[in-house]
Amino acid sequence: MSGPAPDLPPHGGLHARLAVERPAFRLDVELEVAAGEVVALLGPNGAGKTTVLRALAGLTGLTGGSITLDGRSLHTLPAEQRRIGMVFQDYLLFPHLSALDNVAFGPRSNGASKAEARRTAEALLERVGLVEYAAVKPGRLSGGQAQRVALARALAVRPRLLLLDEPLAALDAHTRLEIRAQLRRHLADFDGATVLVTHDPLEAMVLADRLIVVEHGSVVQQGTAAEVARRPRTDYVARLVGLNLHRGRGDGAHVKVGELLLSTSDHVEGPAFVAFAPAAVALYRTRPDGSPRNLWRARIDGIERHGDNVRVHLDGPVTASADVTPAAVAELDLSPGQEIWASVKAAETHAYPA
Amino acid sequence: MTTATTPASAPGRASGRERGGVPGRLPWPLVIPALLGLAFLVLPLAGLLVRAPWSTLPQRLAEPQVLQALRLSLVTATIATAVCLLLGVPLAWLLARTAFPGRRLIRALVTVPLVLPPVVGGVALLLVLGRRGLIGSWLEAAFGVSLPFTTAGVVVAEAFVAMPFLVISVEGALRAADARFEEAAATLGASRWTVFRRVTLPMIAPGVAAGAVLCWARALGEFGATITFAGNFPGTTQTMPLAVYLALETEPEAAVVLSLVLLAVSVVILAGLRERWVSRI
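As given, the protein sequences belong to chains R and U, one line each in that order. Numbered according to this note's numbering, the first sequence spans residues 1 to 354. Numbered according to this note's numbering, the second sequence spans residues 1 to 281.
Treat the hints loosely; a few may be bogus.
Distance windows between CB atoms, simulated [as the list claims (entries may be wrong)]:
#1 R/Arg158 - U/Val145: 37 to 47 Å
#2 R/Leu177 - U/Ala34: 55 to 65 Å
#3 R/Ala135 - U/Leu48: 47 to 57 Å
Source of the hints: derived by calculation from the structure; they are not laboratory data. Think of the CB as a built atom: it goes at the ideal place given N, C-alpha and C, for glycine as much as any other residue.
Generate the whole structure from the sequences, applying the supplied hints.
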């Protein structure tokens, strides 16, 4: 176990194709993460995000594919020889070891002397601001402190790939903000590739350079946060970024969604998505005069509070959400089950090829 | 003993009542057998205390045969426990942490000595490790080692009978321990042996300790397999239980004294285990 030289040039990164087959579950995902880049795997529960991390770490066997990190083939190695830092969702700090010994565990297992391992561990605890907790057992650390110790422990093996499984999920809302800011800083300092798993889009956008959305065991969309937010490609992503999304057929200035012809300011041909914000949807009690385009008759499916506004769920030729002010709800006298007219301005829709 | 609940009832009694479930008169078909059962378990021990020759106790305890048997018992039970730890913990690990064909069968086999009459165990040991036994004859021919009717034989008999207690206890602890800690250790570069030594073992230490104490207590009380396989020679194979049995025929008072010593040892073990184990079952 000599390991690569610690001063590898900052290129390389992770190239992986992971295939894992289990009864009733199939994962087939391709990942490219440059050194120094932070990629967030985003997806609903059961999409296979954690399986991706476990497969990368060697805790779940691959049924196909390969993993290359900085030019080194990893998929044939057992977990203990991969030198990958992993932060588990509930941290899994060894309960019988002090914070310092937890962090020193990795260097110790990789052949460092006791003194050397302790020095490494102390430096890392210093970096995460917990040097005064060195002697404390994990059971007496707060959630935020445990998260930082877990990060320090993962970094202590000098990994070239860092895996974080829902790193902030176990924290309460207040601590989360603070730890997220710190984590962002530590990830910026880390020169290897980072893959983090989350189901919180905000977390993904704050921490990651790029998002990869996984659903049902495969990648459905990837790109920067802005790209993903502008052009969602699945209902799950559309819900995450708060857009109405419909799939249809474009013929230039129109997209036909079911029976409804939506005109858009974008030009698309063939299979296309059309997306619009709930706030762009206008509701009318009676058919409006001047007949705006993109008008349809809808039935109110539900009404709920959404921030300062009211979100109205519409059923009809297309299902959509509309955000209106509470005053408008009162004025229009909206109630579930009611028939209503809805419209969206062409300029506020966004169409792109599917 | 009515159902009235006063707000100011003592905390201990209050919690007792909560656990009791439905309040109301206690049903005699349960209470009477319960009290009889209790008496049945406690009275013999009380009898032992009542009939003990307290006045001559110190002299009798100081008798060389008693001390000899006691020392032999403590030494063999301790060595047997060490053997069980050395072999039983890895066996428990194998059963709890690895998957191999026939694992369930092996698990069942491991527990056989638990239900096997110890005498049968002794006979089985003789057949395998006796001077004409399958392995015994080879041991004698190759190394000149003969186990039956020696102190080492006592250890073998005790370990055979006591090991399942340890294996079951440790395996339970392993199954209860979160194996993901071991995965975390593996991602940090620890080999499986390092993981076992530095993560698994410390985490299951309470289970191992409880198993070792149970195992030791069982070895200390071992009678059937020992007398069958190792015989009953004062000084080399006559442990306390064997001495008790022998004394009962010749000198009943001595048997009472020896029994008292074993009872005292048991009570000490029970007190030591109370926190860990007895309160949990």
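Verify the CB-CB distance for R/Arg158 and U/Val145 against the hinted window 37 to 47 Å. The hint (37 to 47 Å, Cβ to Cβ) is violated, given that R/Arg158 and U/Val145 are roughly 52 Å apart.
Take the C-beta atom of R/Leu177 and the C-beta atom of U/Ala34, compute their distance, and say whether it sits inside 55 to 65 Å. Holds: the Cβ-Cβ distance is about 58 Å, inside 55 to 65 Å.
For the pair R/Ala135 and U/Leu48, does the Cβ-Cβ distance stay inside 47 to 57 Å? holds, 50 Å
In this structure, the one hint that does not hold is number 1.
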